[in-house]
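K.L.:
The residues making up each chain are set out below.
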Amino acid sequence: MPTPYLVIDGLTKVYERGQVHALRGLSFSIEKGEFLVVIGLSGSGKSTLLRCINRLIEPTEGKIWLDGTDVARLSAKRMRRVRRRIGMIFQQFNLVDRATTVRNVLTGRLGYMPGWRSLLGLFSSQDKRTALANLERVGLRDKAYARVDELSGGQRQRVGIARALMQKPEILLADEPVSALDPATSHSIMQYLEQMNRQDGVTVIASLHFLSLARRYGTRIIALKDGQLVFDGPPKTIDNAKFKEIYGEDAEEVEVR
Amino acid sequence: MSPTPGGAGAPRDRLKVLCRRAFSFLLDWMAWGYVAYCAMYLLNYYWYTVHVDWWGTLTLPSWGWPVVILVTLELAVWCRSLGRSLGQRAIGVALRPVAGERIRLGQRVLRGFLWHLSVLLAPVWIARGEEPLHDRLARVGLRTETPDPERPGRRAILTQWGFFALFLGALTMCVGWLIIGINLQVLIRRAPQAGRIWGEMLRPDFRYFTAPDPVFHLRALSYSILDLTVVTVFMALVATVLGGVMAFPLSFLGARNVMGFSPAGWATYGVIRGFFNVFRSIETIIWASIFAIWVGYGTVLAGILALTIHTIAALGKLYSEQVEGVSPGPLEAVWAAGGSRIQVVRHAVIPQVLPSFWAFTLYRWDINVRMATVIALVGGGGIGDMLFYYKNQGDWSKVGAVVMVIVAVVWAMDYISGRLRERIA
Amino acid sequence: MTGYPEGYTSPRPEWTTGRGLYNALARRADVAAKYFAVFLLDAGGLAALWLLVTYAYAWYVLGITAYILVPWWVFALGVVEGAILWESLGRSWGQKALGRELTPVSGEATPIRRLLYFVLWHLFGLTGIGFVFVPPLHERWSGLGLRRERPSAQAPVPWYRTSAGLFVAVLLVVTMVSALGVTLTWESLRRLFTQAGQTAEFWRALVRPDTTILLDAMRDMIVTVFMAVLATLFAVAVSVPLSFLAARNLMRGPIGRPIYTLIRGAMSIARSIEPIVWAIIFLVWVTALRSPFAGILALWVHSIADLVKLYAERLEAIDQGPIEAITATGAGRLSVLRYAIVPQIVNPYISFTLYRWDINIRMATVVGLVGGGGIGQRLINYIWGVQYRQAGTVMILIVILVWAIDYLSARLRAKLA
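Chains as they are written, first to last, in this note's numbering: chain S, 1 to 257; chain A, 258 to 682; chain Z, 683 to 1099.
Honestly, the hints are just simulated from the structure, not real lab data. Wrong hints could be hidden among the right ones.
Listed next, the in silico DSBU-like pairs over lysine-lysine satisfying Cα-Cα at most 35 Å (straight line) [stated by the list, open to error]: (1) Z/Lys716 with S/Lys128; (2) S/Lys236 with S/Lys168; (3) Z/Lys1097 with S/Lys143; (4) S/Lys242 with S/Lys32; (5) S/Lys225 with S/Lys32; (6) Z/Lys716 with S/Lys225; (7) S/Lys77 with Z/Lys991; (8) S/Lys32 with S/Lys244; (9) S/Lys168 with S/Lys225; (10) S/Lys225 with S/Lys77; (11) S/Lys168 with S/Lys77; (12) A/Lys273 with Z/Lys1097; (13) S/Lys32 with S/Lys63; (14) S/Lys63 with S/Lys77; (15) S/Lys242 with S/Lys225; (16) S/Lys143 with S/Lys32; (17) A/Lys273 with S/Lys143; (18) S/Lys63 with S/Lys236.
When you get a sec, could you build the whole thing from the sequences and use the hints?
P.N.:
What follows is the structure, encoded as structure tokens:
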């Protein structure tokens, strides 16, 4: 059995002067090339978990072994090195609205550029070609020089994916990538993630709200409740009883078509 | 802008397009006129070194004026033909060929020459509703610039208009530096003297904070710093309340949606808005100097009247903009229920605008406290009387004390008004 | 803790670690701050009322200016005791303003318990001792505590039947009465109606402006405009970098926060001093021979203070999303600044700058009044020289200038938005 690609060991995060526990000693591991879906109610710690992995949020306790290095203990400078291997897309897209699409995509290369070049905005022509190619890949080549605030929600998320592709990531964190989108667009976005997972071999960790999407795209599902792991296994093993346990007694499963 | 300026379209649209072109041309001409002014100023300053006052005397022989006007006009024309001028950038148009991809240099030069002919015949082509003659003969046209998805624009600094704008900025700095007589040497050389004043101000003399100063008299009464501070805050308070109370009804008369579209409504609207605009652009302190002549130099009433007038105008404008911005739904509902105009205002408009009215009034109160502290300079009364008295005596440690009290009061009022506004919003 | 049977060891107490200790202290400070905020509001309000009533009484009845009229300790004792009594027995205005009320932690709020609370607050609240404990001692032993007020289904009591409402109303009335009495004197009111003729020359200028001074006035206007433009430009150069140091969301940590506080404090002091006062100081510095220079320095200082505040507030309101996203790509701090923050603030910054330029044109005319150069200086010279017709002419010019710039700046800002 190979060593797991990402190991989370006893991860704990405490907010508000020790009052609120977002994660309570979470432990699990992921193999390379998995499509892991994290489900759970709002406030169950999904976003905190994803943000701890690339240390957008500093974990309070615990270890995060990524490919043999403990991410949680790296210096800020070394962390930046690691971050460029980790792509991320967001629920609210987190694009700069006033800039053009291609400009937003190019920011994905910032981790690879020396400081003075990025300050002057001197992206290499290689980077520019890659940016256009990635936009082509997500079907937005014709919008390359349009401002992002002219785009629709689904298009914006595709720009977010193109930005993540610029990093040539080994692992992609997707923080509720489709919560702000309608069902049809959701599927198209999820298919791009699936494609990255299958073709490029990118390990994907996505947090999702809908169990149906999780079943359709995930190779493995973990469920969080109050910052603790309540389920870990392949999608088809989630039955009605498990579902009620994760989402509470009154929950009703909704199908996203 | 329509794709064919001056061409097809309703006469009104054509007029609009023409006006925009004229505006952009004037902008270019004025920009070059400004360059000429600066050049002449610099010539005066460095070359003639004749009598150059601190305001910068402009000496030009009488025959020079036509030369300047003609040269700037030519420069503007050639700028507009040979590249993309500042004025063209300002209204977002660029010169494009009628046919083909690029404009040849010959076409541009031709357009420049033809302009002189065309401007003489302007009445003809304007009357016939055609594109300008020089554009048609050179087979070019001013078109709205659409961003090309394949070719992102060049950096602004590398374009003609960007360079020209930068040049104008640099010129402004140079000429402004000379006109104002900025002299950093003096600032450093006299730093010891200034340091003495600062030192005294930072060792404030609070002897007369509560005890009245026996030497300082206003109309045979002596005051302490505290007394005048209270008076100053009261001035601001009275002015804000009076101003707000008067601006409230006036603001409805100055709102277009309330006044309707009858001739009488338009007239009232115009008069009230004009009143707001004119009275607002005269600073409080200038009003104070007028009222000081009227009701007596150094009376508190002069200050209050000045603050009140300015408050009415400023608040009135803000209020009426709020009234114009109300959502029309509730208004329609009251109209539909058979309400009169007064009832619409009372039940549909006022509930919507009241929170922002309060916020603006508090904001104004804050401003009035600041103004009230210095209005005494021209005879408006308040703490400023003491400030300027001590300053004239050269008693800087007492000036320091007064300034510190002013800072404390203004800061406190700013804080309170800010907190209250947060609560309202 | 391995090797011991289950339940054999107790967990380490929270406060024995540095962070745990900090958390414990911070929690206690939070509780104390809530109690003292209410108390300070009540005591401050009562003090203000006392002072104003005395002031009005002294002004109208005794004909003097006085604030307390009793020994200071009577005043202090009255205010403090009044505030505590009000808080314990009723709903004080401080509680009302902060949305809190004294509610029983368990059981009923009987008068006895309220009295107990009154006594305990003296012993443990006012002295601060009680706040060492959580919940504080006076709350623990009286069974009453300040809690966020709960929404109730009953119609709220009208303001004139609550002590807080009545208090605020009385305070406002007393303030207005004394303000009107102090500021409006019969003598000056009489002059308002009889001396209007004094200003006749001013208004005559509206009909017959003095055209002989136009050229000189135009030259002064040019100086004024240049003063405003240059002061704004120089202020922008200073305040853009400063604004980053004055934004709360960018300045965190033990080094950042003091810098933030220092800059914000200095700026708010500089802003509280009107440009006129700055001009006076600078006039002494660079001498009255260089009056426009003094004027521009005054405008510059005030503009910096104002712009830093406007800019920093805009920075504090930026969208955090792009910052997060660009940090996640592995970019450094400067790249985050350049690609996530700067694009969001360019247009608002330009807009604020235009707004400030507009204000500076007005201010440039005003600093002229103390000898800060430009058109304002000409105006005040005419006024003090009793040349009212010329002064009126200059005022018309100022109105036109201010109006034009106001319109221009508003149009440009509308385009930027």
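K.L.:
For every hint, state whether the structure bears it out.
P.N.:
Results for each hint:
Taken as a hint, the Z/Lys716 and S/Lys128 pair is broken in the structure, with Cα atoms around 55 Å apart against an allowance of 35 Å. The straight-line distance between the Cα atoms of S/Lys236 and S/Lys168 is roughly 31 Å, inside the 35 Å bound, and the hint therefore holds. Of the pairs offered as hints, the one joining Z/Lys1097 and S/Lys143 holds, with about 24 Å between alpha carbons and a cut-off of 35 Å not exceeded. A C-alpha spacing of about 27 Å is found between S/Lys242 and S/Lys32, which places the hinted pair at or below 35 Å, so the restraint holds.
Restraint check for S/Lys225 and S/Lys32: the C-alpha separation of about 25 Å stays at or below 35 Å, so the hint holds. Using a Cα cut-off of 35 Å, the hinted pair Z/Lys716 and S/Lys225 holds, with the two alpha carbons roughly 33 Å apart. Proximity of S/Lys77 to Z/Lys991 is assessed by CA-CA distance (about 32 Å); at most 35 Å being required, the pair is judged to hold. Note on S/Lys32 and S/Lys244: the hinted pairing holds, with a Cα-Cα distance of about 30 Å set against a maximum of 35 Å.
For a cut-off of 35 Å, the pair hint linking S/Lys168 to S/Lys225 stands: about 32 Å separates their Cα positions. Using a Cα cut-off of 35 Å, the hinted pair S/Lys225 and S/Lys77 holds, with the two alpha carbons roughly 33 Å apart. Annotation: proposed proximity of S/Lys168 to S/Lys77 holds, straight-line Cα distance about 20 Å (limit 35 Å). Between the alpha carbons of A/Lys273 and Z/Lys1097 the distance comes to roughly 18 Å, so the proposed pair stays at or under 35 Å and holds.
Pair hint S/Lys32 plus S/Lys63 holds up; C-alpha atoms about 18 Å apart against a cutoff of 35 Å. Distance restraint check for S/Lys63 and S/Lys77: the Cα-Cα separation of roughly 18 Å lies within the 35 Å cut-off, and the hinted pair is therefore satisfied. In summary, the hint linking S/Lys242 to S/Lys225 is supported, as the alpha carbons are separated by about 12 Å, within the 35 Å threshold. In summary, the hint linking S/Lys143 to S/Lys32 is supported, as the alpha carbons are separated by about 34 Å, within the 35 Å threshold.
For a cut-off of 35 Å, the pair hint linking A/Lys273 to S/Lys143 stands: about 32 Å separates their Cα positions. Under the criterion of a C-alpha separation no larger than 35 Å, the hint pairing S/Lys63 with S/Lys236 is consistent with the structure, at around 30 Å.
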